[in-house]
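Participant: Each chain is listed here by its residues.
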Amino acid sequence: MLVNKRIQSGIKNTVVYVLMIAVALVMILPFLWMVSTSFKEMGQVLIFPPEWIPKPFVIHNYSEAWELAKFNLFFRNSAIVTLLTTAGQLVTCSLAAFAFARLEFPGRDQIFLIYLATMMIPTQVTLIPLYLLMKQFGWIDTFSGLIVPGIFSAYGTFMLRQFFIGIPKSLDESAVIDGCGYIRIYWQILLPLSKAALATQAVFCFMWQWNNLLWPLVMTNTDSHRTLTVGMQLFKGQYSIAWNLLMAGSVISVIPILILYIFLQKYFVEGIAMTGMKD
Amino acid sequence: MKHMTKRKREIIAGYLFLAPNFLGFLLFSFLPVLASVGISLTDWNISGQFHPVGLENYRYMFAGDPKFYTILGNTLYFTLLYVPIVLIASLGLALLVNRGYRTVIVFRFMYFLPVVTSAVAASMVFQWIYNQEFGLLNYLLGILGVPKVAWLTDLRIVMFSVVFVNIWKNAGKLMVIYLAGLQGIPGYLYEAAEIDGANAAQKFFSITVPMISPTTFFILITSVIDSFQVFEIVFTLTGGGPLDATRTLVTYIYDMSFTRFRMGYACALAIVLFIIIFVFTVFQFRLQKKWVQADV
Numbered sequence: 018m019l020v021n022k023r024i025q026s027g028i029k030n031t032v033v034y035v036l037m038i039a040v041a042l043v044m045i046l047p048f049l050w051m052v053s054t055s056f057k058e059m060g061q062v063l064i065f066p067p068e069w070i071p072k073p074f075v076i077h078n079y080s081e082a083w084e085l086a087k088f089n090l091f092f093r094n095s096a097i098v099t100l101l102t103t104a105g106q107l108v109t110c111s112l113a114a115f116a117f118a119r120l121e122f123p124g125r126d127q128i129f130l131i132y133l134a135t136m137m138i139p140t141q142v143t144l145i146p147l148y149l150l151m152k153q154f155g156w157i158d159t160f161s162g163l164i165v166p167g168i169f170s171a172y173g174t175f176m177l178r179q180f181f182i183g184i185p186k187s188l189d190e191s192a193v194i195d196g197c198g199y200i201r202i203y204w205q206i207l208l209p210l211s212k213a214a215l216a217t218q219a220v221f222c223f224m225w226q227w228n229n230l231l232w233p234l235v236m237t238n239t240d241s242h243r244t245l246t247v248g249m250q251l252f253k254g255q256y257s258i259a260w261n262l263l264m265a266g267s268v269i270s271v272i273p274i275l276i277l278y279i280f281l282q283k284y285f286v287e288g289i290a291m292t293g294m295k296d
Numbered sequence: 107m108k109h110m111t112k113r114k115r116e117i118i119a120g121y122l123f124l125a126p127n128f129l130g131f132l133l134f135s136f137l138p139v140l141a142s143v144g145i146s147l148t149d150w151n152i153s154g155q156f157h158p159v160g161l162e163n164y165r166y167m168f169a170g171d172p173k174f175y176t177i178l179g180n181t182l183y184f185t186l187l188y189v190p191i192v193l194i195a196s197l198g199l200a201l202l203v204n205r206g207y208r209t210v211i212v213f214r215f216m217y218f219l220p221v222v223t224s225a226v227a228a229s230m231v232f233q234w235i236y237n238q239e240f241g242l243l244n245y246l247l248g249i250l251g252v253p254k255v256a257w258l259t260d261l262r263i264v265m266f267s268v269v270f271v272n273i274w275k276n277a278g279k280l281m282v283i284y285l286a287g288l289q290g291i292p293g294y295l296y297e298a299a300e301i302d303g304a305n306a307a308q309k310f311f312s313i314t315v316p317m318i319s320p321t322t323f324f325i326l327i328t329s330v331i332d333s334f335q336v337f338e339i340v341f342t343l344t345g346g347g348p349l350d351a352t353r354t355l356v357t358y359i360y361d362m363s364f365t366r367f368r369m370g371y372a373c374a375l376a377i378v379l380f381i382i383i384f385v386f387t388v389f390q391f392r393l394q395k396k397w398v399q400a401d402v
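For the record, the sequence lines run as chains L and A. Add 17 to a position in the first sequence, counting from 1, and you land on the number used in my numbering. Add 106 to a position in the second sequence, counting from 1, and you land on the number used in my numbering.
The list that follows gives simulated cross-link-like pairs (lysine-lysine, DSS-like), each with its CA atoms no further than 25 angstroms apart: (1) A/395 x A/309; (2) L/253 x L/87; (3) A/309 x L/29; (4) A/309 x A/396; (5) L/22 x A/309; (6) A/114 x L/186; (7) L/212 x L/186; (8) L/186 x A/112; (9) L/283 x L/212.
Because the hints were derived from the structure by calculation, they are not lab data. Keep in mind the model is a prediction, meaning the values are calculated, not measured.
Produce the complete structure using the sequences and hints provided.
Facilitator: Below, the structure written as structure tokens:
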């Protein structure tokens with residue numbers, strides 16, 4: 018009986034593993050394909066049947082793509098836009114989330130409702146007027162135009178508020194008795210306890226900004242401020258048959274996000290679990 | 107500051123903490139929404155003057171634009187295909203990796219990989235995978251003896267190809283949310299069911315499904331919103347073609363505003379899109395009482 022059960026669970030485990038591996042193949046096949054192609058010579062790319070391990074194995078696609086697609090410039094632009102937007106969001110959203118979660122003032126709940134409502138409005142609705150506003154400000158094709166509108170996120174405020182609410186209020190009440198001001202409660206109590214939520218927010222924001230296509234596409238009209246996504250889209254149009262170069266470019270564009278994810282992944286899953294959907 | 111009452115200080119602090127975000131929010135989110143409604147009532151084309159035209163843009167949309175219904179239909183078709191499949195796929199992924207083993211972390215990472223990839227990079231890879239002559243998919247199918255399929259040019263098939271890439275890209279993100287939901291189910295429920303002799307399927311349908319229904323509801327709402335707004339994969343994979351077969355509302359709005367400069371009409375389209383999403387969301391909130399477990 019016991020042996021039977023052991024065999025049964027052994028079979029079950031095997032089935033689960035086979036399934037996990039099969040799904041993983043579907044999920045990562047495009048990546049393997051992308052990486053493999055990025056190391057091929059042009060002539061190797063279209064060989065049938067496809068070869069997974071490039072012969073010969075070349076790395077010059079990377080330097081070539083880097084040059085042709087002006088990655089020096091676009092990579093720098095993407096880094097500037099993404100880092101500053103993420104930093105800005107963490108500051109304004111955590112401040113607002115603190116006000117929503119911890120302080121009582123007239124109109125608070127009404128304002129919060131307006132935040133929630135605008136989350137439902139497609140960004141495309143605001144796209145055109147926002148573009149016009151940027152034109153008024155003289156911010157078309159500038160970093161300000163790419164960064165500033167992105168740092169006031171309703172989504173981020175909402176997420177951090179949910180997290181702050183979960184932190185026991187007794188902690189800051191005792192601080193008030195000790196004579197701490199609100200700034201110190203925010204800075205010395207809530208923020209250090211919210212590392213998971215802040216990390217999650219940072220990953221989300223970074224990922225979204227790094228991969229964002231629509232806004233930079235609309236906002237830039239010269240190479241000087243174009244981001245990687247826009248650069249890649251243009252590159253794709255110009256070199257539509259140079260698959261090996263395109264794939265090398267794609268690999269380069271994915272790497273920063275992968276690194277960030279690996280570093281922050283333990284916070285990341287925890288952060289989503291803590292904010293929960295049951296609130 | 108010293109002689110201010112505690113209550114007064116709290117109110118002032120509240121406004122000050124809120125101010126940076128709220129001012130930016132008003133200027134860059136709220137004001138543009140109002141402006142959009144205003145522009146949709148004009149025939150403005152970016153360079154000329156604003157001429158108020160009343161509801162003419164809306165009339166043209168429903169009674170004059172030969173493409174509008176096709177595009178609206180495509181958007182609904184996309185949503186109808188995408189939402190149910192992505193819900194099932196992401197729950198399936200979550201169940202698969204909701205285990206204690208160490209190795210599972212590696213699988214979670216692999217399932218999450220598509221989420222972190224930019225749509226542009228993903229589309230490039232898939233354009234090639236889908237390529238009729240040299241693509242990976244037709245090669246693999248060829249081994250099984252299936253004739254070559256025109257994944258991106260056959261009008262009947264191309265929407266499925268687009269939907270698949272979107273599912274591939276988003277399932278990992280929803281999986282993480284489902285994982286959070288699954289971890290909230292208390293283990294004793296399953297133990298009790300086992301004692302009662304329930305099999306795996308019974309446990310799944312009478313414990314797991316109802317217990318994660320709030321998570322499912324959240325995923326359903328956000329996925330419907332996302333799919334009505336689908337843009338990047340469509341724009342980079344097919345550009346809306348062939349023959350508008352995959353053109354969705356947002357790609358059409360982009361086209362109208364930034365290649366044809368018909369801003370007034372584009373704003374009207376955006377407002378209609380908003381109303382559709384809003385109605386769907388309210389409708390889902392109404393239906394929620396029928397299937398979402400309260401108080402779990």
